[in-house]
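In case you want the letters, here they are:
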Amino acid sequence: MSTPTLDKSDQVEDATPYITATFRIRRFNPEVAAEATWEDFTIEIDPKERVLDALHKIKWELDGTLTFRRSCAHGICGSDAMRINGRNRLACKTLIKDINPEKPITVEAIKGLTLLKDLVVDMEPFFQAYRDVMPFLVANGNEPTRERLQSAEDRERFDDTTKCILCAACTSSCPVFWNDGQYFGPAAIVNAHRFIFDSRDDAGEQRLEILNDRDGVWRCRTTFNCTDACPRGIEVTKAIQEVKRALITRRY
Amino acid sequence: MSVIIDADGNTPSPDNPAPVIEAPRARTARSPKSTRGNFELYGWLFMRVSGVLLTVLVIGHLLIQLVLDGGVSRIGFAFVAGRWASPFWQAWDLTMLWLATLHGANGLRTVINDYAERPGTRFWLKWLLYAATVFTVLLGTLVIFTFDPNIR
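Just so you know, the protein sequences line up as chains W and R, in that order.
Under the numbering used here, think of the first position of the first sequence as 1, with each following residue one higher.
Under the numbering used here, think of the first position of the second sequence as 1001, with each following residue one higher.
These are calculated hints, taken from the structure and not from any lab test.
Some clues are possibly wrong.
[Unchecked claim] Residues of chain W placed beyond 12 Å of chain R at every Cβ, according to the derived structure:
| hint | residue |
| --- | --- |
| 1 | Lys-59 |
| 2 | Leu-137 |
| 3 | Asn-142 |
| 4 | Gly-216 |
| 5 | Arg-219 |
| 6 | Arg-221 |
[Claimed, not checked] Over the 12 Å line for every Cβ pair with chain W, so calculated as not near, a few chain R residues:
| hint | residue |
| --- | --- |
| 7 | Tyr-1042 |
| 8 | Leu-1045 |
| 9 | Val-1058 |
| 10 | Ala-1081 |
| 11 | Gly-1082 |
| 12 | Asp-1093 |
| 13 | Val-1111 |
| 14 | Trp-1127 |
| 15 | Tyr-1130 |
[Claimed, not checked] One side of the interface only, derived from the structure: several residues of chain R facing chain W at Cβ under 10 Å:
| hint | residue |
| --- | --- |
| 16 | Gly-1037 |
| 17 | Glu-1040 |
| 18 | Leu-1041 |
| 19 | Gly-1043 |
| 20 | Thr-1110 |
| 21 | Asn-1113 |
| 22 | Asp-1114 |
| 23 | Tyr-1115 |
| 24 | Ala-1116 |
| 25 | Glu-1117 |
| 26 | Thr-1121 |
| 27 | Trp-1124 |
| 28 | Phe-1135 |
Positions of the beta carbon are idealized from the N, C-alpha and C atoms, including for glycine.
Generate the whole structure from the sequences, applying the supplied hints.
If you want it as structure tokens, here you go:
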């Protein structure tokens, strides 16, 4: 009596996990051409790897001039947001097998921000909007000798918006931001939301006043592109609507 | 590999390494210091409130005009004259005219803000929109208040 085992001989042909995938990358080099162009790279890669691994393979083995941002490569630093197959995602959190590697996979920079080179954009307007909403704790009164205590319910109120990693996937997926970059954008509003609904913070009214701007929350058209794009699964559109509601209910 | 000449005719050189790309989101001296105010808040609130009211007004209007009691076939000068003899229907039509026109105008204003990229286009489109709105509202109001069923 023998233990049933898999017949190894059947698997020999499938032993290699590698597939051939084509990456269609939007290249831009202002020193060479004023226009961005698509360039195809065909590589052998394990489909269980991420798009970032493919970009590394292209940069390290095929074309060293390919330029993109990445830092931690594990979905925390938020530096490798890019438009993959027409959707904003983090290259380090997108597995190749999940985005149909049988067709060419398109990779381009996020939209709405000035393109500097290949997949690198100028993030300054994005961070300008972020700084404008005062993303830091403002507390009046005497400083406590120990930590500022908060109940679990009070913490839960803004838990969703604490997850933001400032990757700009939401803001650069917003059609209002594409057309008029003066709009604060979802990311700045999410980070304002994180403090407006924090029971320890005392500058909520000030932040609400900032977002009551002509280019503030009222320009949101609730297209939900931001919620779809967020790699952390933050309910961005909901957060924006909560800020709108707070603006109305706290005043009337 | 082709070298591109930018708009000013400069080829890339150590002094001029790349064509200048204008930052589209720059905060310049010309961009207003503060654009805060409650106007957008009131505008947003108005859209919600007028939307709810218009649902009732417009569906009621369509039912009366097109469906109930013979429907569209009985509409004529006499039918309109008969309805506008009552202050209730005058008020109904006046409210509907004002709410619908302002609701539509505010919606179009946001569309223009979102999609017109050049300040000039934006200005003229809005000017056209506001002129059309004022004209429609004033003419409609005038007709409702000065309607004379004995006109010859």
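Comparing the hints with the structure gives:
Distance to chain R confirms Lys-59(W) as a non-interface residue, since its nearest Cβ pair spans about 19 Å, more than 12 Å. With a least CB separation of 23 Å from chain R, Leu-137(W) remains clear of the 12 Å interface cut-off, as annotated. For Asn-142(W), the requirement that its beta carbon stay farther than 12 Å from each beta carbon of chain R is met, with the minimum near 31 Å. Listed as a non-interface residue, Gly-216(W) fails to keep its Cβ farther than 12 Å from every Cβ of chain R; the least gap is roughly 7 Å.
With a minimum CB-CB distance of about 8 Å to chain R, Arg-219(W) fails to clear the 12 Å threshold, and the non-interface call is violated. At roughly 7 Å from the closest C-beta of chain R, the C-beta of Arg-221(W) falls inside 12 Å, breaking its exclusion from the interface. A cut-off of 12 Å between C-beta atoms contradicts the statement that Tyr-1042(R) is not in contact with chain W; the least separation is 10 Å. Not every Cβ of chain W is farther than 12 Å from the Cβ of Leu-1045(R); the closest lies at roughly 7 Å, contradicting the non-interface assignment.
The beta carbon of Val-1058(R) is kept farther than 12 Å from every beta carbon of chain W, the shortest such distance being approximately 22 Å. With a least beta-carbon separation of about 42 Å from chain W, Ala-1081(R) lies farther than 12 Å from that chain, consistent with its non-interface assignment. Gly-1082(R), annotated as away from the interface, keeps every beta carbon of chain W farther than 12 Å; the closest lies near 41 Å. With a least beta-carbon separation of about 30 Å from chain W, Asp-1093(R) lies farther than 12 Å from that chain, consistent with its non-interface assignment.
With 12 Å as the threshold on Cβ separation, the claim that Val-1111(R) sits away from chain W is violated: the shortest Cβ distance comes to roughly 10 Å. At roughly 18 Å, the least C-beta separation between Trp-1127(R) and chain W is larger than 12 Å, which holds for a residue marked as non-interface. For Tyr-1130(R), the shortest C-beta to C-beta distance to chain W comes to about 17 Å, beyond the 12 Å cut-off, and the non-interface label holds. Here the hint on Gly-1037(R) is kept, as its CB sits about 7 Å from the closest CB of chain W, short of 10 Å.
Among the interface hints, the one on Glu-1040(R) holds; its C-beta lies about 4 Å from the nearest C-beta in chain W, closer than the 10 Å criterion. Of the supplied interface hints, the one on Leu-1041(R) holds, with its beta-carbon coming within about 6 Å of a beta-carbon of chain W, less than 10 Å. A least Cβ separation of about 7 Å between Gly-1043(R) and chain W falls short of the 10 Å threshold, and the interface hint therefore holds. For Thr-1110(R), the interface hint holds, the least distance from its beta-carbon to any beta-carbon of chain W being 8 Å, beneath 10 Å.
The beta carbon of Asn-1113(R) comes within 7 Å of a beta carbon in chain W, closer than 10 Å, and the hint placing it at the interface holds. For the restraint placing Asp-1114(R) at the interface with chain W, the shortest Cβ-Cβ distance is roughly 5 Å, inside the 10 Å limit, so the hint holds. Hint status for Tyr-1115(R): holds, given a least beta-carbon distance of 6 Å to chain W, under 10 Å. At its closest, the beta carbon of Ala-1116(R) sits 9 Å from a beta carbon of chain W; the interface hint therefore holds under the 10 Å criterion.
Given hint, Glu-1117(R) at the interface with chain W, holds; its Cβ is 7 Å from that chain's nearest Cβ, closer than 10 Å. Interface restraint check: Thr-1121(R) against chain W, minimum CB-CB distance 12 Å, threshold 10 Å, status violated. Given hint, Trp-1124(R) at the interface with chain W, is violated; its Cβ is 17 Å from that chain's nearest Cβ, farther than 10 Å. A cut of 10 Å between beta carbons decides the hint on Phe-1135(R): the least distance to chain W is about 26 Å, and the hint is violated.
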